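Enquirer: All chains should be modelled from the sequences, with the hints used to inform the complete structure.
Each residue of the sequence shown is one higher than the last, beginning at 1086 in our numbering.
Derived by calculation from the structure, the hints in this document are not laboratory data. Treat the hints with caution; some may be incorrect.
Simulated restraints, written as ranges between beta carbons of each label pair [stated by the list, open to error]:
hint: 1; residue 1: Met1086; residue 2: Leu1172; range: 23 to 29 Å
hint: 2; residue 1: Asp1134; residue 2: Leu1182; range: 21 to 27 Å
hint: 3; residue 1: Pro1109; residue 2: Met1196; range: 42 to 48 Å
hint: 4; residue 1: Asn1155; residue 2: Pro1201; range: 40 to 46 Å
hint: 5; residue 1: Met1086; residue 2: Ile1183; range: 30 to 36 Å
Remember, it's a predicted structure, so these values are computed and weren't measured experimentally. Just so it is clear, CB atoms sit at the ideal spot from N, CA and C, and this is done for glycine as well.
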Amino acid sequence: MMYAKGQYFNADGVSDQFFYLRIPDDRLSDFQAAGMQVSRKDFMVLATDQANRLRVMVVQGKPVKVLPKNTKPVGDCFGVLNGDDKLPLTRKAMAVLIPKAIKDRQLAKLMAIYLPEPRHHLPK
1086 MMYAKGQYFN ADGVSDQFFY LRIPDDRLSD FQAAGMQVSR KDFMVLATDQ
1136 ANRLRVMVVQ GKPVKVLPKN TKPVGDCFGV LNGDDKLPLT RKAMAVLIPK
1186 AIKDRQLAKL MAIYLPEPRH HLPK
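Expert: And the structure:
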């Protein structure tokens, strides 16, 4: 049995914590081929979580043979998510797919949170 190390991909970004997934033997060749196509960089897979829900995870491109001590897998990897170009979907490719209107709204929210209020404008 091989494992994948990854993070959950949520609407507000990627989770802070890393989790491990089981890669079934019949899906291992697909996983390894996807890792080679993206030069062992991170890519997205469809997997289950602890509550048996389907989730998207960003996983590292190289499978793990042995889990670290005191670690258990949280679910199973079902398959690799591919983009329109038939290559594994990466974070960058996913960001490109998000519609511009949604990106603009999210940027506006972030700017309101993190940028300071404008100071008084002095006359020129």
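Enquirer: Does each hint hold? Answer for all of them.
Expert: Each hint, compared with the structure:
1. In this structure, Met1086 and Leu1172 meet the distance hint of 23 to 29 Å, their C-beta atoms being roughly 27 Å apart.
2. Hint check: Asp1134 to Leu1182, Cβ distance near 23 Å, so the stated range 21 to 27 Å holds.
3. A C-beta distance of roughly 44 Å is found between Pro1109 and Met1196, which places it inside the suggested range of 42 to 48 Å.
4. Distance hint check for Asn1155 and Pro1201: the Cβ-Cβ separation is about 44 Å, which falls inside the suggested range of 40 to 46 Å.
5. For the hinted restraint 30 to 36 Å between Met1086 and Ile1183, the CB-CB distance of approximately 35 Å keeps it satisfied.
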